[in-house]
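Enquirer: Heads up: the protein sequence lines correspond to chains A and B, in order.
This note's numbering puts the first residue of the first sequence at 50, with every later residue one more than the last.
This note's numbering puts the first residue of the second sequence at 957, with every later residue one more than the last.
Read the hints as simulated data drawn from the structure, not as lab findings.
One thing to keep in mind: the hints can contain errors.
The calculated lysine-lysine pairs, modelled on DSSO-like cross-linking and capped at a C-alpha distance of 30 Å, are [what the hints assert, rightly or not]:
hint, chain 1, residue 1, chain 2, residue 2
1, B, 1424, B, 1350
2, B, 1424, B, 1072
3, B, 1072, B, 1421
4, B, 1424, B, 1406
5, B, 1406, A, 164
6, B, 1421, B, 1341
7, B, 1350, B, 1406
8, A, 161, B, 1341
9, B, 1350, B, 1421
10, B, 1072, A, 164
11, B, 1384, A, 164
12, B, 1341, B, 1072
Remember, it's a predicted structure, so these values are computed and weren't measured experimentally.
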Amino acid sequence: MTEYIPANFPFVASALLIGIAFYIMLFRRNLIKLVMGIAMLSSGVNLFIVALGYRVGANAPIYTDVPPGPMVLSVPQALTLTSIVINVAVLALMLTMVIHTYRHAGNIDSEKSRKLKG
Amino acid sequence: MEFLTTNSPALIVAIPLVAAFILPLIGRAGDRVRNTFTLTVYALIAFLVAVLAVNVHSVGIRIYTFGATAADLAVPQHFIVPVRIIFEVDAMSMFMGIIVTTVTLAALIYSLHFLKGQSGQARFYSLMMLLYAAMMGLAFTGDMFNLFVFLEIASIAGAALAAYRTNLADAVEGGFKYIVISAVSALLVLFAIGILYAEYDVLSMAAIAHFIQYTHLDMIALGLLGAAFVIKLAGVPLHMWAPDTYTVAPAGSTPMILAASYMSMYALYRVTFTIYGGFINTTTIGWAVIIVGLLSMFVGVMMAVHQTDIKRMMAYHAISQGGYMLLGLGVGLAVLSNPTALEAFGRDAMNGGIFHIINHVFYKALLFMAAEAIFFRIGTRDTNKMGGLARNMKWTAGFYIIGALAIAGIPPFNGFASKLLIYESVLKFNPVLAIIAMFVSLVTLASFAKVFYSAFTGAPMPAYKQVKEVPRSLIVGMSILAVLCIFFGLFPGLIVNTIVAPATNALINHSSYIAAVMGAVP
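Excised from the complex, chain A in its bound form (with noise of 0.2 Å):
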C-alpha cells in the first residue's frame, strides 16, 4: 500500500496545512479561529518534521526487539512530541484569554474586541 503514496506526500500536505493556517490567520477576524489557525500551523510543523524521519519500509526503532533492515529515525518523534506538548500548553492559554475577552468585550471579534489602538 505504502508504495503507491509519493514519498514526497506529507510535505505536500504540510505546505498545505502552513498555508491554510496563514491564511485563517490573517484573514479571518474571529479569535478561536486565529487559534484554530495556530493549531493547523503546528500541525503542518510537526507533520514536516516527523516526514523527515520517515522511510518507506522502515522498522519502528525499538532496539530490544527489532528486524534486521532500515529503522525509522527516532529523534524527529521525540522532537515531533515535545512539540505537540509545548503547543497543547500554548493553546490551552490562549483559549483562556479567548474567554477572558468574550467576558470583557462580549463578543469575540477581533475588530470589535479591541481596546489598544495607536
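Using the hints provided, position chain B relative to the given structure of chain A.
Expert: Leaving out everything else, chain B in the frame of chain A:
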C-alpha cells in the same frame, strides 16, 4: 565548590524551574513565607550565576553535557557528532545571563509591595521564576531544539504575566497578542530547525556550524529564523505586539518581558554570528540587520512622540532603542569577513551594540517602573491627566529623570557611553547611518522632556493633592537600577573591558564555539 562550579549551568536553570512549580504550594503558607522563599531562591541562583560568570571569565567557554560521565564530554566515544543535550556557556551567554539576573532582582523587590494585598501573588512569582528559568535556558542552550523549547516557555510565562491583571480588558488583549505572535514565531523557528536537521542530521548549534554548507535551503532557514526573531524582538515592521504588551503588563513583569525580547535578539546574534558566521558573504545579512535597525529606530521614535499613554510611549521608545543595538551588531556583521574594517570600527560597533543592550534594559526597566509607580498611586497612564506629581512623589520623579537622561544619551548616564561608541564606529562605516542615529536620539530627548513637564511639573492637580510617595520596596527596586545606570555611565571603560568586549570576541570567534563541542577544527 568544585561541584557547584561544574554543575552551575544546569542548576541555574533547574532551581528556578523547580521553584516555579512549588511556589503555589508555598504560597498557601502565607505571604511572608512565600516572599522569603522567593528571595532565598533568587539569592541562591544569583550566587551560582556569579560563580559561573567568574569561571567563564577565567577559563573561557564552558560546556555542560546532560547525562554524560563528565560534564565536558560533548561527543561520546566512537561517535563523530554530539548526541546529548548540551549547554554551552560563552561570554555572550554569560553577558545575557548577568542582564537577566540583575533585572530579576529589581523586579522581584519592586513587586513585593506593588502586589501587596492582591490575590494570586504566588502565581505571579511562580511565572516570574518560570520566565527567569526560560531566559537563562535560552542564554545557555547549545542546541537548536532547546532554543525552541525555552523560547516557548518564555512566551507562555511572558504572556501569562502580561495578562496577569485579567480584570482589565486591555491586559487580556495585550497578553493574547503576545502569545499569538510568539506562537507563530516559535513555529517558524521549529520549521527552520526541521530544515537544518534534515540537511545535517544534528541539532547542536556547534555541530551545525561545523557542517554547514550554505546551500539555498540554509538561506531559507536563515530567513525563517531571522523573521521569527525579529518578530520576537519587536523590530519594525513586525513590532505591533510590543506597545500593547508592554503597556498592560504589571510593572514587575514589564522589565522581564523586555529582557525576554532581548533574549530573542541574542538568539538572532547566536544564529547569524555563530552558525552562519563562516559564510563568505555576511555583508548582505549585515545590511538586512542594519535596515531593520534603522526602521526600528526611526519608526519607533516617530510613533512615540505623539503617544499620551506613558507606558505606551516608553514601549515605542523600547522599539526605537532596539534599533541602536541592531545597528551596532549589523555593522559588525557586515564587515565580519573583512579583518581590517573589523579592527578599525567593526569591533567597536559591536561593543556599542552589545553594551547598549545592558544599558537599555536597565534604564528602560527603571522608566517602566517609574511609570507604573505613577499608575500605582493615581490609577491612570494618561499623561494629559497627570500634573504636578513631583511635589509629592520626589523619588519617582528623580528616578524618571535619571532614566530619561540615560535614554536620551546625556553624558553622566549609561546611555551616553554606548551611544557614543555606536556613533563613532558607525560614522566610519557610513556617515548617513550615524546622522540618523543622532537625530533619533534628539527626538527621544524631546519626547521624554515633554512627558516630564506634563506629568511632574506645573500646578498640582486638585485630585492628586493627597498623593503619597510609593511604598519602600518600589523605591528600593528602582534605586538598584538607578545606581547601576549611574555607575555604568561613570565607569564605561571598566564595564566594556570586563563583560562587553569578551562577549564581542565570543561572537566574532565562532570557531572556538565550535571547537568547544566538536574538538579542534581540522
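Enquirer: Looking back at the numbered hints, which does the structure fail to meet, lowest number first?
Expert: Violated hint (a single one): 11; every other hint is consistent with the structure.
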